[in-house]
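Two chains, two frames, some hints: make the complex.
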Amino acid sequence: MSAPHHGLPRLLAGLEPGGAPMSLAGHTHIHGPLPYIAPDQLIEEVGRSGLRGRGGADFPTARKLRAVAVRRRVGPVLVNGSETEPASAKDRLLLARLPHLVLDGAVLAAGAVGASEVIVKVGEGAADALDALRGAVSVRDGDRVRISVLAGPEGYVTGEESAVVHFLNGGPAKPTFVPPRPFERGIRGRPTLIQNPETLAQLALVARFGSSWYRELGTLADPGSALVTITGSVRHPGVYELAFGTPMSDLLDAAGGPVEPLQALLVGGYFGTWVDASNAVGLRLAREDLRSVGCSLGSGVLIALGESACGVHESARVISYLASQSAGQCGPCLYGLRAIADSFGALADGVAEPRERDRLLRWCADVRGRGACHHPDGAVRFVESALRVFARDLEGHPRGRCDALPAGLPLGDSAVQPPGSANRRTRALAR
Amino acid sequence: MSATLRINPIACEAHGLCVELLPELIRLDDWGYPILDESEVPSDLIGLARRAVDACPTLALLLDDDRD
Ligand SMILES: Cc1cc2nc3c(=O)[nH]c(=O)nc-3n(C[C@H](O)[C@H](O)[C@H](O)COP(=O)(O)O)c2cc1C
Ligand code: SF4
Ligand code: SF4
Chain X
1 MSAPHHGLPR
11 LLAGLEPGGA
21 PMSLAGHTHI
31 HGPLPYIAPD
41 QLIEEVGRSG
51 LRGRGGADFP
61 TARKLRAVAV
71 RRRVGPVLVN
81 GSETEPASAK
91 DRLLLARLPH
101 LVLDGAVLAA
111 GAVGASEVIV
121 KVGEGAADAL
131 DALRGAVSVR
141 DGDRVRISVL
151 AGPEGYVTGE
161 ESAVVHFLNG
171 GPAKPTFVPP
181 RPFERGIRGR
191 PTLIQNPETL
201 AQLALVARFG
211 SSWYRELGTL
221 ADPGSALVTI
231 TGSVRHPGVY
241 ELAFGTPMSD
251 LLDAAGGPVE
261 PLQALLVGGY
271 FGTWVDASNA
281 VGLRLAREDL
291 RSVGCSLGSG
301 VLIALGESAC
311 GVHESARVIS
321 YLASQSAGQC
331 GPCLYGLRAI
341 ADSFGALADG
351 VAEPRERDRL
361 LRWCADVRGR
371 GACHHPDGAV
381 RFVESALRVF
391 ARDLEGHPRG
401 RCDALPAGLP
411 LGDSAVQPPG
421 SANRRTRALA
431 R
Chain H
1001 MSATLRINPI
1011 ACEAHGLCVE
1021 LLPELIRLDD
1031 WGYPILDESE
1041 VPSDLIGLAR
1051 RAVDACPTLA
1061 LLLDDDRD
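Respectively, the protein sequence lines represent chains X and H.
Counting along the first sequence from 1, when you hit position 168 you're at 168 in the numbering used here, and nothing is skipped either side.
Take the position in the second sequence, starting the count at 1, then add 1000; the result is the number in the numbering used here.
A hint or two may mislead.
Claimed, not checked - Not close to chain X: a few residues of chain H, all C-beta gaps over 10 Å, as computed: (1) S1002; (2) L1017; (3) E1024; (4) E1040; (5) P1042; (6) G1047; (7) R1050; (8) R1051.
What the hints assert, rightly or not - Sample of chain H residues at the chain X side, in silico, Cβ under 8 Å: (9) C1012; (10) W1031; (11) Y1033.
In case anyone wonders, no lab produced these hints; they're calculated from the structure.
Ideal Cβ positions, reconstructed from N, Cα and C, are used throughout, including at glycine.
Only chain H is shown next, with the shape it has when bound in the complex (with noise of 0.2 Å):
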């Protein structure tokens, strides 16, 4: 199984909790919006991944199991 992160752009408020909780997968841009260079997310950093979800106080941080 593998996950993809998305964010939805109109959501996010520019929190950053994100980026300090996935540094590996998201930076922020000079506006302190989020990036995601690889939508993809490593296997084993899907639970971190799954944390950071959690902790977006606007549901902004999306996390899709692409299942076969």
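Isolated chain X (complex conformation) (with noise of 0.2 Å):
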């Protein structure tokens, strides 16, 4: 075991601005070797750790290891580096730049659940992610598992999963009726353990440093450092490590500070909530005060809204988005996301019937929880956030009447950005 660093930055160790792939030799140096724990150890470690996903969903890691480990003719562990949220970069920096601490954490979750093989799936859009993987994967030797590298398709539900195991499996990148579910049945018909790479990242250094120094950072409840991307109206919009129990001003702070005043901020992206500014800055990065104001850091995305824009205006945009990623194979999500986008559009636009919200907020009601996966559920936790923080400004909306500048939310390829703002992906900067 090699001396454990103190503080931050914990996973964005070594990582310089603009750089290239970190070395095999390099992540040694900063990390040390990669360290043989027992199975039944690591699984214990982890859970002592108090890590949990954070792919959006925050389940707790042991579990999800110890739920698969128990089974047997385990598949693959799936590294699940889709990062389908359109303003989240941290998975991507992960996979292009610290390569080596995702496959370490891949290899011994595989150890850990009994699997043999690990495959790292990633957007086909992410082609520095691709290379970094593949070369990672060349350099590496002595692993026990065979690792392989492959790309999807893109799209908000592609990440989900089932939709992953149903692309790899050889069918469309949507997701499927579970249960069962991808621990009971995964890709080839096998137990699978499916992570987000920041979990499998952190994992990696639970593993080596263990928990007690996993835990020196953050809170009892939300222990450890979290890779947070912060982006909208602040001076540098990047990836960024921070210790949980961090107060949201500090996390501004972290990215330059806000450009101007702010109104809102979207907490945990497009699946997240908008909380009031003025709710916000009394907020720490924690499970418990987010939960306060009804939201969870989610995929890990901060998105910080200045008063020269809309928030009526934005939201409606991201919301048609969200109608529009559908998979379309459920008719509560297919139908009722669109009519929401549309009964919103019509609201921003100033052109909505009398009693339009009332009727929206009972499709938000009627629509939970009946798609096939989380996708209606996320699409409408934000909508019911956006009618609550942006009521004022709804009430007067008409059309044409609406002065303010476009915020320019990123929404995937479909988007028209805004100049300059093409690097906001890539922008990575190591505190």
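What follows is the structure, encoded as structure tokens:
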């Protein structure tokens, strides 16, 4: 075990802005060699660390490891590097720049659950991540598992775990009806562990330095550090590693601070929740604080909305985007989200029927929980928070009177990006 | 013994037969798709629930017996 370093950065240690992928030698120099730990011991250590999944669902990682480890004929460990959240850049940063850290975590997790194979799935547009991963795999030796790297189609729901499994089993990248869940029947019908790259990178450090070290940062309930993509009206949008428990104001400062007074923060990406800026400043990066205002960290995206922008207009664009991303398999998702987007658009354009807002809220309640995956649930959570936080703006939103500047929230390839924002996804600064 | 109803939303094609046979537990949304407000089936409705399940042309309506 190499000597642990204390404080931040942890995952992003040694990362130079704009540099090449970290070499295996550089990686080993910073973190030490890949340790061997008995499966039970690793799962226990991960359990003591309190590590939870960083792909959005926030599930305790040790429980997931155990659920697969107790099964027989375990399939590959699947690294879900899809990162389909348009504003998120953390997974791509890890895969493109620190591939060995993620692969270490995947190899360790494979040992813990009894898997003999690792598959890393990345969106086909992430050429830098694919290159870095393939390069990293080619120089690793001594791993007791086979590692392969696969590119898949892009689109919001292609990153949902059953969609990734469906795709890797030769089907379309669309979710399937669960149960059976992937941990029961996944790739080639075998029990499959699926983790987000950041979860595995954190696991690689827990395996090396232990759970007590992991808990040196963060709070009792939310130990450790997190990668947060901070974007919108901040001076230096990018990916930052911060300790849980850090106040929101410090998060914004990490990204250079706001470029103008803020009206709201979107916490957790497009499945997330708008929070009024005045309520947000007192919050810490911690589940209990976020829950008190009805949100969660989700995929670790924080978008700052400046006062010059219009929350109603931006929300309408995001809702249309989410509706367009439905996999089109489930009626309530396909038709419901489309209707919700049109209804919200009518409110934003000031052409709504008198009781439009009530109908919209009823539709949100009707659609929740009725898809094969959680896509509709995330979308209506976003809509409900927009209705709450921008209620006053919605009242006074007659057509043509909104003179706000477009904030240009990123919407994947379909988006019309404002000039100069192209580097937002790739810009990454280690703090 | 109790039983719970589920709908596979990928398989469901909004034929609506289930609502006709089991209006006590199923209603339609504004797009013609069935909503289950309560998934638990009271024991006096289990027979009717079975009929609705058998009638669904796409096998989208599922009845799980929860045996303890
Ligand atoms: C519509 C939808 C899209 C998702 N996209 C991603 C994604 O791009 N990357 C990811 O890691 N998880 C994504 N998830 C969550 C995964 O289903 C899964 O929970 C996660 O990969 C598990 O890893 P974790 O436990 O390490 O977080 C998505 C979920 C939904 C409902
Ligand atoms: S809920 Fe929507 S996104 Fe999810 S499987 Fe059904 S149609 Fe696809
Ligand atoms: S009968 Fe079957 S297909 Fe028709 S609405 Fe009911 S569940 Fe859907």
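Numbered hints the structure breaks, given as an ascending list: none
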